[in-house]
Structure formats: C-alpha cells, structure tokens
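Enquirer: With chain A fixed as given, assemble chains B, C and D onto it according to the hints.
Quick mapping for you: the protein sequence lines, in order, are chains A, B, C and D.
Going by our numbering, 343 is the number at position 343 of the first sequence; the sequence numbering is gapless.
Going by our numbering, 202 is the number at position 202 of the second sequence; the sequence numbering is gapless.
Going by our numbering, 7 is the number at position 7 of the third sequence; the sequence numbering is gapless.
Going by our numbering, 255 is the number at position 255 of the fourth sequence; the sequence numbering is gapless.
Quick caveat, the hints were computed from the structure, so don't treat them as lab data.
Ideal Cβ positions, reconstructed from N, Cα and C, are used throughout, including at glycine.
Please note: incorrect hints may appear among the correct ones.
What the hints assert, rightly or not - Distance condition first, Cα-Cα at most 35 Å in a straight line; then the derived DSBU-like pairs of lysine-lysine:
(1) C/205 / B/44
(2) A/205 / B/173
(3) A/118 / A/173
Unchecked claim - Here are some, though not all, of the chain A residues that point toward chain C, as calculated from beta-carbon distances under 8 Å:
(4) 197
(5) 201
(6) 300
Stated by the list, open to error - From the derived model, a few chain A residues whose C-beta atoms are all more than 12 Å from chain B:
(7) 66
(8) 169
(9) 195
(10) 242
The chain contents come next:
There are 4 protein chains.
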Amino acid sequence: MTQKIPVAVLGATGAVGQRFIQLLQNHPVFEIAALTASDRSEGKRYADAAHWVIEGDIPEAVRDTVLLPTQAGIVGARVDVRIAFSALPNDSAQTAEPEFAAAGVTVFSNASFHRMVKDVPLVITEVNPTHLQLLQRQRTQRGWSGGIVCNTNCTVSGPAMSLRPLHDAFGVKRVFAVSLQAESGAGYPGVPSLDITDNVLPFIKGEEDKMEAEARKLLGLLRDDHIEDALLALSAHCNRVAVIDGHIVTMSVELDSPATPADVIRVLSAYRCADVVGLPMAPDQPVVVRAESDRPQPRRDRMTGKGMSTVVGRVRAEPLFGVCGVKYVTLSHNTIRGAAGGSLLNAELAARWGLISS
Amino acid sequence: MTQKIPVAVLGATGAVGQRFIQLLQNHPVFEIAALTASDRSEGKRYADAAHWVIEGDIPEAVRDTVLLPTQAGIVGARVDVRIAFSALPNDSAQTAEPEFAAAGVTVFSNASFHRMVKDVPLVITEVNPTHLQLLQRQRTQRGWSGGIVCNTNCTVSGPAMSLRPLHDAFGVKRVFAVSLQAESGAGYPGVPSLDITDNVLPFIKGEEDKMEAEARKLLGLLRDDHIEDALLALSAHCNRVAVIDGHIVTMSVELDSPATPADVIRVLSAYRCADVVGLPMAPDQPVVVRAESDRPQPRRDRMTGKGMSTVVGRVRAEPLFGVCGVKYVTLSHNTIRGAAGGSLLNAELAARWGLISS
Amino acid sequence: MTQKIPVAVLGATGAVGQRFIQLLQNHPVFEIAALTASDRSEGKRYADAAHWVIEGDIPEAVRDTVLLPTQAGIVGARVDVRIAFSALPNDSAQTAEPEFAAAGVTVFSNASFHRMVKDVPLVITEVNPTHLQLLQRQRTQRGWSGGIVCNTNCTVSGPAMSLRPLHDAFGVKRVFAVSLQAESGAGYPGVPSLDITDNVLPFIKGEEDKMEAEARKLLGLLRDDHIEDALLALSAHCNRVAVIDGHIVTMSVELDSPATPADVIRVLSAYRCADVVGLPMAPDQPVVVRAESDRPQPRRDRMTGKGMSTVVGRVRAEPLFGVCGVKYVTLSHNTIRGAAGGSLLNAELAARWGLISS
Amino acid sequence: MTQKIPVAVLGATGAVGQRFIQLLQNHPVFEIAALTASDRSEGKRYADAAHWVIEGDIPEAVRDTVLLPTQAGIVGARVDVRIAFSALPNDSAQTAEPEFAAAGVTVFSNASFHRMVKDVPLVITEVNPTHLQLLQRQRTQRGWSGGIVCNTNCTVSGPAMSLRPLHDAFGVKRVFAVSLQAESGAGYPGVPSLDITDNVLPFIKGEEDKMEAEARKLLGLLRDDHIEDALLALSAHCNRVAVIDGHIVTMSVELDSPATPADVIRVLSAYRCADVVGLPMAPDQPVVVRAESDRPQPRRDRMTGKGMSTVVGRVRAEPLFGVCGVKYVTLSHNTIRGAAGGSLLNAELAARWGLISS
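Excised from the complex, chain A in its bound form (with noise of 0.2 Å):
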C-alpha cells in the first residue's frame, strides 16, 4: 500500500477550513499533517478553537490537534508537507501563501487574491486542466520549488462546468447569467439573519466582477507562460437567498454555431474529462441535466456527485438570441465543489500528473 501525502490545511478553523478537514476524513491519496490558524488561535486545541457549523460533528482525528501559526517556517520545521490546502482569508493568502510556495510547498488555494496574476493557474479540473502546467513555467519563474494553484469563485462553477462542452461544441459568445447564492458562500458568520430571513440581497460585494474575469480565464488557453483569456463576454447579477448550501445560476447563452436544447442536452450529458477518472473527488460526470421541468433544486439536488457535479435542468431555447440561443439553470455545491473539494481535486489531479514537488 502506498503511504499517503502528508498536507496541512491552512487557515483551518474558518468555514472552509472546516469543509477541507470534513474532505480529507479517509482520503485515500492525502492526510492531514498540519493544522494553522491565525495568531489569535495558535497553540490551541483545534476543537477549542474552531467553531465548527458544517453539519456532522469535529472529526476524532483532528480535536486534539494543535493549531500552527500560519508562517511557512514554523510548519516546514515541524512536517514535511508537500501539499497544502488554503482556506486563508486574502490578506494573509497575500503573504503567506506564496511564503509556502517558496518553501517548496503547493499551494491549492481558495482565497482570490492570486487568481488573476498572470502565471498562476486558475483550475477547475475537468474545465481547463492543462492549465495546471503553468505550475512549471510559475517555478521556473520565481525560483520556488512549490507554487500556487488556485481555484474559482465558487459561483463561476457550475457556469463554467457547463459552458466548457458547450464552448468546445459551439462556441461561446455571451452569457447572462443570474446567481441566486447560499449563504455559506459568504463564510461563518457571514450574512446575518435579520438581513436575509424573508428577504433577498440582491448585491454581493465583488462577485460580479469575479464570475466575469473567470470566466474568461478558465475557458482561455494556455500559452507558454500565461493564459490568454477566451473572447467570451458574461454579464453577470448575483443575488444571495435564504439558502444554505448551493448556488443557482440561470443561464441565457448565445453560441457561435446553432444548437437546439436537445443538442445541448446531448453535449452536456456526454462531457467527460478523461484526465480525472478514478480521482477520488471526481463525481461520475462533471455534468448532470435533469429532465424534470422544476429541478435543479439546492436542497435536493446539491449533493449529487458528492457535491462535486453541476447540475443543470430546464434547457430550452433562449429566444433572443434566435437560433444560436440557448437557456438553462445551473447548480453546483459552494462550500464542496466550488471550494474545498474543487481544490482537493485539483491536488488530486496535480499529484498524479507528477506536478507536486517532492
């Protein structure tokens, strides 16, 4: 039996935090080395510290672990880690992530701060994997031995997964697309009840301008040393419901090509990624389309794939964009596919290409 990857999670006590440590229970390929958190939490228990409010409870294995300052040194002193997972709020991801990337450590992070920077990849796995490569040109670059991957805004997601097939099918030209999101997108504690209990926010600071840079990058292609972005344009409005997990987004795409909802029905539906097959995270198919004419649903349906699909229902022709249109809805899980386990797939991916330095 192979031993598996040691990794630490950085920033572990947060709602992400939480989620990677929930993921990382009886992974077959990493286990959890190191725990950090901010000063504030440092040498504590980690179940003294972490307020935990996903469902289920603190896993045995990591109550009794003593939280590490989030310094590269102190950690790299203690464990050898090769991988690590960042849950890390973005003014320490600023600092201390390209810290461990120095150190010899990569990074998977979920913070934004360096997802647009120009040799950082910005992976959803089955959407632009190759992207993963720039890894290599990123340490050649900046003399680490590690790097930093980073994952998307976790509203991008389900868009992205859906756009992809339909980008390499027909091409993409413009989106509109409408968020209805989770409240754990906005972390613990996040947004208060007496702002969404019967109520909608129809603003969330940043995250238009996010799912529109995004999704240019992750659809774009990689060159020597950068990604030049795909020549989409996507117009985003993002609102937050009374949810907890699952982030809808309602898609008007225009094509390049014609297509009818029953082409896009196929294409979807047969989207695979060969380069994740028999990845632990993978979900069966990166795209489910469900027929029913009121589903997806967050409740319901959030957990198909293990929280790692997108979902998406109601296809039908967007009539304003005439035959080159189409309409649907997408759901993908914020906290799991479009947070700790995008990121833990990306690792996933990365160690078996070879990617992780060692």
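Expert: What follows is chains B, C and D alone, placed relative to chain A:
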C-alpha cells in the same frame, strides 16, 4: 359629501380576495356591498369561511357579511354594484366575469384568463392608462353594459413600470429578466414549506410565457379595437424564493439608443403619470430609484409608496449591450401593486374618466 | 447467504412512503416486493405517481415498479410478503391494516389509528421491545396470522427515548414538554410556506393529546393481554417552526427520587438496549448526550446515528422540582427515527425474535 | 400647544437605537434633540453612520443629524435634554448612564446592566408603574438630579404582562416558560443566518437567568427603598427560531387558587392600567386574548396594539397543576414592547407623574 360607489369582491375568501378587502377598508371612493365565494362557502359568514392569511385581522366591517354565490344574477338581485373586483381562479373567471360584464358590472380582474383577449384592456395604471378606452369598444362589440379590465401578472408589474419611461425616452429592444418571486404569488396554501425552506424553485408554471406576452401588450399602442403589441422582446426566467411578499426582477435591457446609467436614473426618477394624480391608491412616485448598492430588498422596501411603487436599484451599464445597455433590479409588491392594489387603481382611474357604466 | 425477506410498502407515494423506500435500499434483511398506493395511482409506474420530496432521487430499483392497490387480496395474489410497512393515512389504515393482518402480513404502521388499541403494541424498539410480544396475543384473540405493530407519534420519540433510562433509574413523575417541530412532520404538501416563513405556529392538531397518551403506554408494563400505562404525567405544548427535519423538545422532568444533572448525563449516556445490538437500523447509542451549551440543533445533529439516535443536550437542574428536577433538550429525526426508521427497527427485532409469521 | 420635551437617544445607530428613532417620529410629547454614538461614529451624519436594518427608511428628520459622543458633559453643553433613551451596549451603559443621571438626565434604559440594582426601578408600565417612584429615592440616595429607569429583558415582557393580572386575581406560584425568540432579539448583526436557517438554537446566553430574576422583581412590591421580590418561581428555557420580530413564550402556570380557563380569559381580557390611559404609546388593551386555536403567531399578530399589546392564545387547563393549573401562549413584539416602545411608555408615564426633573 359624495356617496361611495358600491363594489363587489368576487372570490373574496382567498388570499387576493383578502387583500382586496383589506385595501377597501376606509377607501374614500369605493365601499364593499357584496362578497362572493365558491358554492362551498356560499351562505356562510365571511369570518367563518375565510382562513385569513395576511397580516392583521379580518376587518370588523366584513366579519358578519354573508357570502353570496359568484353569480351575476343572484348578486344583482341583492345589491346594485357597478364595479366588481375579481380574485377568482381562472376557471371561474372564464364564465363568471363575462356574466357580470353582461349584467352591467365593470369587472377589474386579477385572473389571467382574459388578459390576452383582443378587446380586453390589460392595464397597469401608470404604464398604459389609455388602454382603458378599449372598454368602450368592448361594450359596443359585445353588447355588454359593463366590461372586463385585467391587471397583469404580478411579476411583470415591476419590469413594465420601469420599462415604460425607458421605452418612451430611448426605446426598448430586448430585455433579459430573471425573477426571484415571493411565496404569496402562488396564493394560499400555495407553495409547500418543504419545497422552499433552504431551497429555490427554478420554475413557475406558465409564468415566463405570461411575462413575455404581457410586457408586449402593456407597452403596446391602442389602435381602434385592439392593442398593437410593442416590438420589444423579453426573455424571462422565473424562480421562487423564501420571501413572503415582494417580487425581485433583475433586468438586462438593450435600448434603441444610447443611454448612461445616469440618464436612466434621471428618466426613471422623473417618471410621473398625470392621469393618476390624486387618486387614493396612486403612489407619489411610480418608480423610486434607490442609490444604495444593496437595495431594493423585499422585506425592507416592498411597502414603498404603500406597496404601490416599483423600487429600482443598482442601475449600471450592461456591457453586453454596449452603449445601449443598462442593468438594474426592480422590486414590486406582488399582492398589492401586482394584484389587488393595481386593480383598485385601475378602477379609480376608470371611475374618474367616467368609464364605469351607471 | 440468507435470502432477504420480501416486504410491501403501503402508501408508498407519500413522504413517509418515500422514506421507507429510501431506507430499504440495500437493506441487508428486507427487500421491497410490492408498493401500494391509493386508487388514483394504482397501475402507474412509481416514478410517474410519486412526487419525490426527500433528498436525493427516486432509487433506480423502484422507478419502474407498478403500483398495486392497497388491498390485501390483490397484493397477496401477486407476491408473498410477510411484512408490510404502512405509510397509510389514518382512514385507509383503519380498514387496510387489519385486512393485511388477517391475510398473514405483519404490518408495521406509522398511522395513528391503531396506536391506542388495547392489544396493539406501540413500540420504540429500545424503549419497550417486550411489548412486541403482544403480537402473539393479538393473533390468538383476533384469529389473525399476521398482526399490527404501531410506532409512535414522531414527537414523543425523543422524549420517550430519554425518559426510559430515567424512569428505570429514578422514576419519572411529571414532565413538562414543549416541542419545536419540523415541517416534514406534517407530510407533503403539509405546512404552507405562507404559514411558517418568518413565523411560528403554536398549535398542531391532536399532537399534544397523542404525546401525553403515548408516553404513558410506551413506558407502561406488558401485562397478559394489554399494556398497563405508566403512572407518569406528561403535559405537552406543540409548536411548528421553520425547520425541514428534526423535532426539538424541551423537557422539565420531576423524578421520583433525587438526581443531579451529572447523574442524569451518566444514566442517559450509559443507556443501551441489548436486544437491538447488531440490527441494521440500530444506532450505536440510543441516546447521545452533548456537552456543548447550544446543542442539539436540528440541522447539525439530526443525522446522529444515521438519524436513529436521540440527541440530548443542556442537562441541568430544574429548580421548580427541587432535588428531583432536571431540565434538558431532546432532538429526534422525525421522519427517520420518528417514522420509517423506527418501523424498520421494530420489524428487524420482530424478525430476530421469530415474531413474523411465515 | 405645549412644547415638546427634548430627548436624547444614546447609542442611536444600532438596531434598538433605530427603533427609538422610528417611534419618536411625530411623537406628541417627545422630540429628538440629540443622538449619540460610540467614538467611532462621532461627528458623522446619522445617515452615514447607521446601517438601517428595520423596515422603512431613515426618517428625513435625522438623516443629517450629527452624532455626538456618548458623554453627558458634551451632550449637556450642546442641548438641554431632561430625558435620554439608552440603547447602549452593557459596557457603555455601565459608565455612561450614571453620568447622564448625575447630570440631571433621567435615563430610560434598554441595557441590562442596572436592572437588578436595588434602587433602580425595572418597569413594564402596565405591570408595575408604581415602581417608578423609586426614582425619588434613587435621587436622594445618590445625589442625582436625573436617574435611571430600566425596562426588562424583551423575553420576560409577554410573560410578565400576562402574569400581572393572574397574580392579582389568583396568585402565581410556579411558571414553566419556554421561549421561541426572534432574531432581532440578538441585535444586528446578531444571529448568523447559517445558525438559524433550517435550524433552532436551543440556548441564548444569560437569557434564562434574566427571565427568572426579572419576573420576580417586576411582580414584586415597592418597599421604602427597594423592591421586594415576588415569591413566584419561574423556570425558563430559551430558544432562538427563524423569525424576524416577536417572541413566543409557552406558559404552564400554577396558581395559588383554583381558576378555570374561562376565569383566566376573563381576567386577562379585562386587565387595564388606568395610569397609562391616554398616553401616546399605550395600547388600548395591554393583553389581547385570541380565541382561534392557532394564534398568536409572530408574523400575523406582533403588531397588535401597534406592537405594544401582549397577545395571548390557547388558554387551557394545565393538568399537571390540577385545578390551579393553566396553560397558554404569549406573544410580544420584542423590539417595540420589549425594547424601545416599552421605554417610551415608561418615560411618558414618568413625565405625566412629574418624575422628570426639570
């Protein structure tokens, strides 16, 4: 002091019927003379037959009112009403509304059955008041002494209120509209709680078609004996969310001529309808534009203008439509402006214009 | 490998029926041989007749199963089932359950109709397993070859699970119980969203009486041909709150003899039922006591023990009952432990004990 | 026309401060002369510093009001206020309220800090109006020209309003009270949405102790220089539920002498407080008893008496207390009656009685 006009409420026990009764309390122009219900409730006291579901209590004035059957002959034999407000379900509306119209009653209806009928005015008072003139033609053609006036689907109300001044100022070509609709839009019992707690329903039966068709008729031109549809094309995606009252609609609008967000804000804020000034249900401003980044919100803004104003926020450029594009959010109270309150204001204007047969 | 026991699910299309089907997937002892429904759905494919409302999808194995009418003769002519799980509404249960019992089927019922009948065991497996022996007497007296076993009202489940060990250790005299019940307790469509969004319903029809009567029978003693009610007195107040699954009940308990909170925690935590050890649906611990100040919580704790454990928290002194008083909170999953899962465990024990006629 | 009394609102930017400002609009007796905030907001316009979270908009009258620091000297140098309404957090209240009191201002406080202080009246106007007389003693003893009057914890408000007349008529011995409390009771941002969506929190820090202690003081007797606690014993269990405003409390009450539910309904419905008749904030009826089986409900009943009445329902026998037992439900609006509105009414009565130093 002028005598009040006696009115009937048809289908008075349901949620919309209750709202009519609530809004007719202390109304300066109308007073309730008859309440009707389905056969099952006929002959009962209102307080015994109605399961009151809106805020507050059943008004004292109607608690003991005995429910009549929804039959023009029987109602007419008891009281002399010239106006009826219809909260009937579609199947009853189909037969009962024409009977009342034939019997000399002008019916202001919330049912969808007659909305797209050629000689039936579909009116939002400030959007297309002149369409009320179709009543005359309806009477001539059908030999009715009364008539039928419909108000719109509750969801198209906010979009239409905002599109009217934009259409006049710049022309509207295409609209992508995505709704986040309140539970009360489905009536009572309506949406099961198990379907909407921690959930979104991405589909509302028939709603998208209604929005698309009604928008064109609302913004259309009154011709001799019909409405010539406006040329604009609207594509809708309708969702149900866990909100009591107040429909949010995000709008991406392509205008015929260029306009900046500042232009749009100016035009929306300046929009007034002289015809309705001074009418009891008319809000001071049909469209209220808010400057905050995170408004309108259903719970906080739905009662703007006593629930009769459309609240617009987040006016910004729509990059996918270039210099002719604008994006914003509308909020409209679906059971006041989008239902009972809208009908009342239609009736108030019809009465002011002498369009109620006496 | 032993052959599985073929079972029927009566009333398979409703919410409880769905839960039965879900829990019977891959069950090591039972396998579904027949599904019945009301006349309206008879002859349809299950996937066409059922509006699936619980998480996940209709299991593949039953999608194409054709629904039989809920008639013992017709079911018996098609398949040889010895066990039926009944999710029937009360009016159907009244007539159909005895028919199946007479035809040799042991019915494990969720309906309330037969619960308080003298020779019908009302059983929570770990609370009063020996009451299952009443089946023998039932068969003798009624000439049935099958029988009827009821499980309890979903709300009394958590209280009874916690009272059993306290009653054994200290005696229970009086209980003030206040419930905060989930929406799913009312079935589907059940509670209208307009009644529960931003609201509490402080009344659930018949529920308080059921809790009070069933608690006494559950903790009662098996006599020759009936259960002698326990002497304890329980007073209930039942509320509905905006929660999907999981009933919270606050408990103020007067014991017969003094006990400290530490005593109570010890007794509850140590509580085991040897009879159920190793049964597929049996949780490791019937009662799980949590130490955190703010648990149990429905969303975070309802799946404890796969939804079969009762979770207790906030154990503290009840000053109004002096040294004999204790206060705590219970949580029980109402559609698993309190309904389908409870019935399954009852059937598993009955099968182990040879109480299923063959 | 009498001149209005100028008042200050201390801690004006938070949720309770906002409610004070809202209720003081167009108040016939008081007018806002000063608003204070923490150092962070000092010197800002109110509209810039306050994140308005209650329904409606910031009143025009205070939008441009410049916030003063919460310091008696600085406020006193600017305006001559005799009354201050305190929405301060406990730590500020501890020092600031006595400073204002020493400076001649009578402070009506929502903070809990001084509630149980011996010479501080803890008052619900209709429950124990005479306790306001303690102000005189407070002034003598402390040498203050102003003073401090506290209002109660928002949760004890409904129970105390209902217990007052029962205590007078029958004597109250023991009370089991279980609350289902609204989100707004925790202020803003308060309860995270991830903690309350599809959930119940069965614990609110410090709340149960407050309810138990305050109930005894509220129903106690005014002695020379202190309040002698009532002998009744109340045991509370406090829960948070997904409701915006309005605390439900279920009550099981043991009286000193027998009373039927009809007796209790009669006494509660007849309860009036002559002292408050005609005061602006006084509701017509302190306690409104509803006959429907499923009321009161927070969303539908919280605005009874403009949010100042306690609504009682489901009055029935409490079998566990025999002929002396009664069970019912109370509802009280926690941010109106239980906070800002309660303070206002206290101040109105104090002014009527000449207890405000001039």
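Enquirer: All the hints need checking, so say for each whether the structure fits it.
Expert: Each hint, compared with the structure:
1. C/205 / B/44: 24 Å, holds
2. A/205 / B/173: 30 Å, holds
3. A/118 / A/173: 23 Å, holds
4. 197: Nearest chain C Cβ about 6 Å off; hint holds.
5. 201: 16 Å, violated
6. 300: 6 Å, holds
7. 66: 35 Å, holds
8. 169: 22 Å, holds
9. 195: Contrary to the label, residue 195 of chain A does not stay out of reach of chain B, its closest Cβ about 8 Å off (not over 12 Å).
10. 242: 5 Å, violated
Of the numbered hints given earlier, the model fails hints 5, 9 and 10; all others are met.
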